[in-house]
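Colleague: Start from chain A and add chain B according to the hints.
In the order they appear, the protein sequences are chains A and B.
Letter by letter, the first sequence follows residues 1055 to 1765 in the working numbering.
Letter by letter, the second sequence follows residues 1055 to 1765 in the working numbering.
Derived by calculation from the structure, the hints in this document are not laboratory data.
Careful: at least some of the hints might be erroneous.
Pairs count within a copy or across copies, as identical chains cannot be separated in the list.
BS3-like cross-link-like pairs, simulated, lysine-lysine; straight-line CA separation at most 30 Å [said to hold, decoys possible]:
hint, residue 1, residue 2
1, Lys1461, Lys1085
2, Lys1457, Lys1472
3, Lys1457, Lys1483
4, Lys1472, Lys1085
5, Lys1097, Lys1483
6, Lys1461, Lys1086
7, Lys1085, Lys1483
8, Lys1457, Lys1661
9, Lys1086, Lys1483
10, Lys1085, Lys1097
There are 2 protein chains.
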Amino acid sequence: MSRTSGGDASGIASFYDPRSIAIIGASPNAKKPGGKPLAALLKRGFAGNVFPVNPSYDEIAGLTCYPTILDVPGNVELAIISVPAKFVPDLLEQCGVKGVKAVVIFTAGFSEVGGDGEALQQTLRDLACEHGFRILGPNCLGIINVSNSVFASFAHIVELEAVPGSLGLVTQSGAFGAMIYAEATLAGVGCSSFASVGNEADSEFSDFVDYLLDDPETTLIGGYLEGARNGDELRRVAERGLALAKPIVVLKVGRSTSGARAAASHTGSLAGDDQIYDAFFRQTGIVRVDTLAELTAFAIVHRGGGDFRGRRVGIVSGSGGYGVMVADKCESLGLSVPELGPATRAELAQSLPEFGSGRNPIDLTAQAAMDPSMLGNCLRALAADPEIDILLAHAFFQEPHGKALAKELIEICRSTSKAVVIMSHPRPKPGLEVECFERLTQAGIPILSDGLEAAKAVAKLAWYQEKAARAAARDEGSQPPVVAAAEAIAATIRTSEGLSEHRSKQVLQGYGIPITREALATSANAAVEFARELGYPVALKVQSPEIAHKTEADGIRLNLDSDDAVRDAYDEILRNAERFAPRADVHGVLVQEMLADGVEVIIGATKDPVFGHAMMFGLGGIFVEALRDVSFRIAPLSRTDAEEMIDEIAGHRVLRGLRGQPAADREAIIDVLLRVSRLVGDHGDEIEELDINPLLVFPKGAKAVDALIRR
Amino acid sequence: MSRTSGGDASGIASFYDPRSIAIIGASPNAKKPGGKPLAALLKRGFAGNVFPVNPSYDEIAGLTCYPTILDVPGNVELAIISVPAKFVPDLLEQCGVKGVKAVVIFTAGFSEVGGDGEALQQTLRDLACEHGFRILGPNCLGIINVSNSVFASFAHIVELEAVPGSLGLVTQSGAFGAMIYAEATLAGVGCSSFASVGNEADSEFSDFVDYLLDDPETTLIGGYLEGARNGDELRRVAERGLALAKPIVVLKVGRSTSGARAAASHTGSLAGDDQIYDAFFRQTGIVRVDTLAELTAFAIVHRGGGDFRGRRVGIVSGSGGYGVMVADKCESLGLSVPELGPATRAELAQSLPEFGSGRNPIDLTAQAAMDPSMLGNCLRALAADPEIDILLAHAFFQEPHGKALAKELIEICRSTSKAVVIMSHPRPKPGLEVECFERLTQAGIPILSDGLEAAKAVAKLAWYQEKAARAAARDEGSQPPVVAAAEAIAATIRTSEGLSEHRSKQVLQGYGIPITREALATSANAAVEFARELGYPVALKVQSPEIAHKTEADGIRLNLDSDDAVRDAYDEILRNAERFAPRADVHGVLVQEMLADGVEVIIGATKDPVFGHAMMFGLGGIFVEALRDVSFRIAPLSRTDAEEMIDEIAGHRVLRGLRGQPAADREAIIDVLLRVSRLVGDHGDEIEELDINPLLVFPKGAKAVDALIRR
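Isolated chain A, as found in the complex:
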């Protein structure tokens, strides 16, 4: 019985919630990988049975130690293996015989070392398939589930005092994942669980995320990702998360070239192009963070449960400069910091000293430290302002008014339905500052010691909540219809010689994508005839699957306006093609209408090894070449995806019409994007790459002027 890699979350529960655990290679030394989980399970009071397995000991930590797992009395649901690599297959075989459901393999020395290690890892997978158990690892730090005291890990974090919390972590790097866990814990963000997936011989990143989506202890999933094994599965899981509105926050490294290099070598994982990942995250609602601090700040702000979708922020600070700094950050992240209306300003004028600014950000001046009611009154005024959605308040908790201020803030938060986030002093000092910090945290109010991280988290949450709301409202029944018969199209694509421009465009036309009026001529006379039918002027272009860049072959003539010109051009083009590529299979010369001016755009699709077809959109010509100003999404696209692709490019203003020119037909672009998405979805296996370059977009409608499909 074989099982395909990944995408199978069955049996994952046995990692997170086993009734019994055996540790193969158990050690009495709690510093060793085989000793650490044993000590932790006992110390934290895991409620199920724990069985040490090691032929060298009769007893460890007061428990009977068994020579092999087969000697253990009763059932074992989860086994941990911590022995050298060469012994692992035999022990795994025993686990199978014993009927174990899930095996955590700490041991390194498998696919990450290449060669023999690869083969050894394949053996592990085969055994898992054969016996029907799941493997976590090898080369991993194991798994932790705080709520039921499963500490099946040798990471140092099993020794950390647990902070109650609901952040579930899944990580492809054990060491870095442990660092995230530790940092989150220190920042007061408790983790509900931790899974280090190692080499992903069997179960993989997405499986654990999938499980956590249904875990009631987990309200937020944090991931450290180097490269997805299975893009489709990650997409399915991410979309399910979005539908549940349970955010998946991912720290994905490898933005730069050297980063990508190292990440690829690190766990033998195939890192895709970062631009594709970034598009994928934006498309599927995965919140991408670049730092540990961003992740913990997001968790803190998310925990508050506020609604950030309005994006209009009111900021109050005791220092004008600090307020402006936070306002700058907010606006650079797409939040707005609007001027306050006259009613609110009148209200504020009663609380603010004459030299304070009544604008937004509101500057309380140094007076705030002496009069804690100022901050409270300002926040109440902002909470009452219908033009403000989010309150960002900078609070100092100092003697003598610190406690009163904390109490006031808690009351305000309870009395308003608006999202409130408190920014405290950097590095709160032990004593009153820390005490007030914790009091607010306990009251469920997001409080952070870094105002800029607060702004970032608010912006990310606003984005996420909007995305989730759109996903919930999305109408999926609007796929564009196929026009021609699917079979004929498939046959055209499968043509053995490869596709010329003309054939490529026939395929596009079959999917309802408008193309230039054109005909393929195989004689000068036919060319003239077609030209007369199309109406002058016309363009002539050489057609051959071997000549992808027709300009290089000098195989294009534009604006031909007479029979003679067409005849001359026909002969000339064929001569040039012959000289450029003597052995090329030339199908003929395409006679094509000349079009009115429009905006040139590029629409393309390319096969990504992880995610399938990635679609690209950009403005044509110099924009792509000089600025690489393009956007990506993974097919299939929703209408929203297509809209986002258009809006995301830096030069999107060009489409709205510059210098008094009319706007380009946005709907026509969306339509072509969706039709191409459908095309690569239907014939994905056959299409390696597809380019419409350019698609000419008019005030009304669009036409593919040139196109190429590569198999």
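Modeller: Chain B only, in chain A's frame:
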């Protein structure tokens, strides 16, 4: 005797190093503004005389209290005034009579409240001029100089335990400046001084920076800036700092629109456009930071004294993911993380376990915690690699090897001339971690708890050091020569009716800027004659100072290729102009050569209220309109400035030639930039705005096709 505002650093020493201090409005309550500096001066052991002044007391804190400053026996060098605004002028008058050299005015209620406050502030300035003393403030937190215990401030930071250090702070916001001081102190970056400049009635931001450039206690100047009062003066000071290689690091808020709004209202300061400020900072070598953390990280890394100019970073980490994260950041900031050469890899292979990655970033894996020699050996290998300039090492200081590792790192840093920066765990824990952290700090090794901030600081230092080196090497003797007589040019500019395209271009030509061959025709016959002289085809353009946008008036005809076409076009253009602007003063029609294809660029200059003429460079047409892809520098430009302007735009690749086109003549662009810079320098008072749009740039040479100077 009058003195111009700002730009006069004389007398500033009396703020930082007074021999005696009087406190007018002294209070026995150390919580009050009049009590805090008195208590601090006494507690910190200020060596000079301290005189409390207040008619309500006979004695404060054991010192005789005088009714007025005139009653104080002996000299008073520095006076602090802490009384309500209305009393300030009289007391200031007394200071003048007493011969005080410098006065700190804490009191608020001056220009920042507008109206009467403005007038009152003018009174203070007049008194300063009359008596020849300097004022700091009003509406400020005062001044601190740690080395000689001058604590002439009522900021809460006077109570902080001082950390020895050499960061001199100057701030336009008292509260925010105090926050920077406190944060720097907590981060282990000691401050040498603190000056809160308040409303800058007399002395200003630049004056204090200027003083600190010569202060031996200060190696790094940190500033919080909302808006410069005097751009020329700040430029002079910044350039002096660059020549001394003493960095000036500025936190400047107001990047966003709401930010700019609040900053403008905050201290009545005139905030210039942020894009201009940003260009100014880059031009003058001011290091801009956006957060407190960036400022302290820069201070820590700068303190190490390393040379970062090579930009090639070797990264070592115990977690692959962390290393990649830092590598990503480095590359995104313009540092390089190169592959390591075979010799280094061979060296590394001896220290790394088989499953570690030998690439850069180097991943020590979790083994590093058990074997501290691994990190040491890797660093030695990197230090010996001639292809690596900077070592970034991630170190965990844990039992049992933490101390040994710290010792090892100190030895390595002493044995290499390369820059080394250590990244430790986030939030080092009290005990071993903090102890090792401090030990490295004491040994002069930069150590930070945030690897991303470390990368940012390294990149900023690399930029700064390169900038300082270029400034030192700069040849200032290469101004382009003026071709025509300056007097004639001045007359042309001063023409009362305003400048048409033709006149504007005559001015440019006078400065040696190549323009299209052209002549102004006032009859159809003359137009034909000129066209024949220029050679067909030609362009015709209406010329009138009142018609700035000739296209809107339909006042342009291109590619005219016969006498008849020119004659018709001439009449048509004049008719269109008459219809468009019946009362416009039409000078005639410009007959102009048509040019070969080239790259369109825009070169402009606009008068900024703070900095004088800001020059702009960008690609023409759609690039500017759709992408706002332009760069700025303040005139006068150096050659380096001109080069940076060209390289800074996102579309700079267009100039190198796309699609096999030849590159545009870079030297020709530089030449025009420098000539325009010279022009606005010579005739700055007359020129409000200047635009060459487009300058057509050819593979060899360039020509101004259209231009307009506005007075």
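Colleague: Now tell me if each hint is right for this structure.
Modeller: Now for the hints, and whether the structure bears them out:
1. Proximity of lysine 1461 to lysine 1085 under the C-alpha cut-off of 30 Å is restricted to the inter-copy arrangement: shortest distance 24 Å between copies versus 45 Å within a copy.
2. Taking CA atoms no more than 30 Å apart as the test, lysine 1457 paired with lysine 1472 passes inside one copy only; the shortest distance there is 23 Å, against 50 Å between copies.
3. Within a single copy, lysine 1457 and lysine 1483 get their C-alpha atoms as close as 14 Å, and across copies as close as 27 Å, so both meet the 30 Å cut-off.
4. In this assembly of identical chains, the alpha carbons of lysine 1472 and lysine 1085 never lie at most 30 Å apart, being 49 Å within a copy and 37 Å across copies at closest.
5. In this assembly of identical chains, the alpha carbons of lysine 1097 and lysine 1483 lie at most 30 Å apart only when taken from different copies (23 Å versus 32 Å within one copy).
6. In the homo-oligomer, the alpha carbons of lysine 1461 and lysine 1086 lie at most 30 Å apart only across protomers (26 Å), although the nearest pairing inside one protomer, at 48 Å, exceeds that limit.
7. In this assembly of identical chains, lysine 1085 and lysine 1483 lie within 30 Å of each other by CA distance solely across copies; the values are 20 Å between and 34 Å within a copy.
8. Taking the closest pair of Cα atoms, lysine 1457 and lysine 1661 never come within 30 Å of each other, the shortest separation being 59 Å inside a single copy and 52 Å across copies.
9. Taking identical chains as interchangeable, the C-alpha atoms of lysine 1086 and lysine 1483 lie at most 30 Å apart only when they sit on different chains, with a minimum of 23 Å there against 37 Å within one chain.
10. Only within a single protomer do lysine 1085 and lysine 1097 lie at most 30 Å apart by alpha-carbon distance; the minimum there is 14 Å, versus 51 Å between protomers.
When held up to the earlier numbered hints, the structure conflicts with 4 and 8 and fits the remainder.
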